[in-house]
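Participant: For reference, the chains in residue letters:
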Amino acid sequence: MSKAENKRAVIVGLFVFIGLAILIAGIFILGSQQKKFTKTFEITTSFPDVAGLKVGSNVWFSGVKVGIIKNIHFKNLQDVEVVMTIEEKSAEYIRKDAITKLGSDGLIGNKIIVISGGSQNAPSIEANDFLRSAKAADMEAMMETLQLNNQNLAKITTDFVEISRGLVEGRGVVGSLLTDTALVSSLQQSLRSISQVMASANTATSNLVLLTDKLNSKKGLVHDLATDTAVFASLRSSAAQLQGVSQTANALMTNLNAASNKLNNKDNAIGTLINDPTVGNELREVVRNLNTSTAKLDQNMEALQSNFLLRGFFKKKEKETKKANQQALKDSIQ
Amino acid sequence: MLNKLRSFFTEFANIHRFLLRFWRELVTPPYEFKEIIRQCFEIGWKSLPLISVTGFIVGFVFTKQSRPSLEEFGATSWLPSLISIAIVRALAPLVTALIASGKIGSQVGAELSSMNVTEQIDAMEVSGTNPFKFLIVSRIIATTISIPILTFYVAGIGLLGGYLSLASKDDLSFLSFFTQVFETIGYQDLWAMVFRAVVFGFTIGAVSCYCGYYSSKGTEGVGKAANAAVVASMFLVFIEEIIIVQILAIIN
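Each protein sequence line maps, in turn, to chains P and E.
Numbering of the first sequence is given in my numbering, commencing with residue 1 and proceeding in unit increments.
Numbering of the second sequence is given in my numbering, commencing with residue 1 and proceeding in unit increments.
By construction, these hints were calculated from the structure, which means they are not laboratory data.
Careful, some of the hints might be misleading.
Cut-off 20 Å, straight-line C-alpha distance, at most; resulting in silico cross-link-like pairs (DMTMM-like, lysine to aspartate or glutamate) [what the hints assert, rightly or not]: (1) P:Lys65 to E:Glu119; (2) E:Lys133 to E:Glu119; (3) E:Lys46 to P:Glu5.
Residues of chain P clear of chain E, computed beta-carbon distances all greater than 12 Å [to be verified]: (4) Arg8; (5) Leu20; (6) Ile27; (7) Lys65; (8) Phe130; (9) Thr179; (10) Val184; (11) Thr203; (12) Val245; (13) Ile270; (14) Phe313; (15) Lys316; (16) Lys330.
Under 10 Å between C-beta atoms, here's a sample of chain E residues computed to sit facing chain P [as the list claims (entries may be wrong)]: (17) Ile85; (18) Pro148; (19) Ala155; (20) Ile239.
Don't be surprised by glycine CBs; every beta carbon is placed ideally from N, CA and C.
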C-alpha cells in the first residue's frame, strides 16, 4: 500500500467517522431528551377527555419535566386511560395522593399532563400506581364565563347610557334637578317660604308663651273657667236644663213614632188605604170602569150630534162661529 | 413511434440487467476495497467543502426567511423546532442529493464515458480485471456510503447555520437551541433521514454509472453522458422523495 493510498484511507475513515459521529450524537441527544436511557417506571391516570393529548407529550411536576406519555387508550365508556413513564429519580417527590391535570405549555401549545398537589406524609409513588385526575381549567368554560361577563357589561353600559341620556334630557328627579331652572327657582321659593313659616312659627311660639303667661296670671275667661266655682255651678244648671229640653224632644219623637206606626197598621182607614194591596186593586178597578163609561158617553154624544132632531142646531152653531171668525179677520185687517 | 417505444423498453431492460449485474458482482469475490476507499475519497471527501457551505447557507437562509412569518404570530421561539423539522426531515438529504448529483453525477458520467470512448474499459477486460466490479460497483458503493455521511454533515452544519442566524437576533444559548431542536424530532425522523440518504446515494451512483458505462461512442457521447447523469439522477431523487414521503406518511 503506497503512502498516498494510506493517507487517503485515513482521510476517508475520518470523514466517515465524523459523519457517523454526528448521527450517533443526534441519536443520543434525542434519546436523553426523550428519557430513553434513564431509569423509569410506569404510572397511570385517567381522564374523561384528553383534549388531543399525544403519545410522547411531556409530564410535568412543579413545572419540571419528569416523564412522557407512553400510551393512551380507552378504559371504559367514560374514561381514557393514560400511561406515563416517570423518571425514578423524580418519583420520590411525587406523592401517591397527587392529582393529575391536563395543561398546555403555552396558550396554544401542546397538551401536557401536570402532576400537582400531594400531602407531605403520603408515601411516594411506585410502579403501576394510579393517580386521580382533576378537571383542568377548561379554555371553553373560561371563554363561556368571559362571554357572560361581556354580556353583563354590555347590559350595564346600555343602562348607563339610558340613565345619562335621561340626566341630559332632564327626565326624572335627578335630571330635572340638574337641568330645570324653573325647578331651581321654585326650590328657592319654597326655601324662602319655609324660612317665612319658620319666622311665623317663631312668633306663634312667642304668642303661646304670652298666652300661657296670661293663663297663669289671675285674669281672663279661661282663668275664670279654670278657677271660679260660681261659674261652674251656673254651667251645671244650664246643662240640667238642656237635659230637660232633650227629654221633651225625646217624648215628642216617641209620639211621632206611635203615629206613624198607626199609619202602617191596617186597623184604621188611612192605614188600610196606604197598606192594604186589595184596597189598591179595587181602587184601580173603579178607575178603569170610570174610564170605559166615559168612553161610551163620548160615543153617545157623537151619535146625538148626527141625530136629525138635533142636526139643525149644530149647523146653526157652525155658521155662527164662522161668521164670528170672519168678523174677527176683518177687524184684524182694518 | 414504434421504434421509440421499443427503444424505451430496451432501455428499461438494460437498466434492469445493469442493476442485476451490480448485485451479482457486489456479492461475488474478489472485492475491490481499495478502489472503494479511493472512490469514497474522490466522491465524499472532495465534495465535503462544497456541500458544507451549501448546508450552512441553507440553514442560515431558511431561518432568516422563516423568521418574519413566525414573528407575525409572536412565535419566534418556535424557530428552532421549525428549523429542526425542515432540515432533518427534508432539506438535509435533499440538498445533499441535489448538490451531489450535480457534482458526482457529472464527474462519474464524464469519467466513465470517456473511458468507454477511449476503449479503456475494453482494455481492462482484456487485461483480466473485471471492469464492472472495478469501475461500477466501487463507485455505487462509494456514493451509497458517502452521501448519507454528507447528509449528516449537512444536517449538523445546517442546524449550526440556523443557530447562528437566530443568535444574531435573539439571545439564545446554544444548549437551549439544541434542546428545542431535539424536542421536536423523533427517532423516526432520524431513521427516515438515513434511509433517504442511502436511497439517494445509491440512485445517484447507479444512474451516473449507467449513463457513463453505456454512453455512445465519440466525444459527443461524453458530454451527453455527463448531462444525462445529472438530469436523470436529480429527477429520480425528486421522484423518490415523493414516494418516500408517501410511504412514511402511511407508516406513521
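Participant: Confirm or reject each hint.
Facilitator: Verification of the hints:
no.: 1; hint: P:Lys65 to E:Glu119; verdict: violated, 67 Å
no.: 2; hint: E:Lys133 to E:Glu119; verdict: holds, 17 Å
no.: 3; hint: E:Lys46 to P:Glu5; verdict: holds, 15 Å
no.: 4; hint: Arg8; verdict: violated, 5 Å
no.: 5; hint: Leu20; verdict: violated, 7 Å
no.: 6; hint: Ile27; verdict: violated, 6 Å
no.: 7; hint: Lys65; verdict: violated, 10 Å
no.: 8; hint: Phe130; verdict: holds, 28 Å
no.: 9; hint: Thr179; verdict: holds, 51 Å
no.: 10; hint: Val184; verdict: holds, 58 Å
no.: 11; hint: Thr203; verdict: holds, 83 Å
no.: 12; hint: Val245; verdict: holds, 111 Å
no.: 13; hint: Ile270; verdict: holds, 117 Å
no.: 14; hint: Phe313; verdict: holds, 137 Å
no.: 15; hint: Lys316; verdict: holds, 137 Å
no.: 16; hint: Lys330; verdict: holds, 129 Å
no.: 17; hint: Ile85; verdict: violated, 13 Å
no.: 18; hint: Pro148; verdict: holds, 7 Å
no.: 19; hint: Ala155; verdict: holds, 7 Å
no.: 20; hint: Ile239; verdict: violated, 25 Å
Violated hints for the displayed structure, listed by number in ascending order: 1, 4, 5, 6, 7, 17 and 20.
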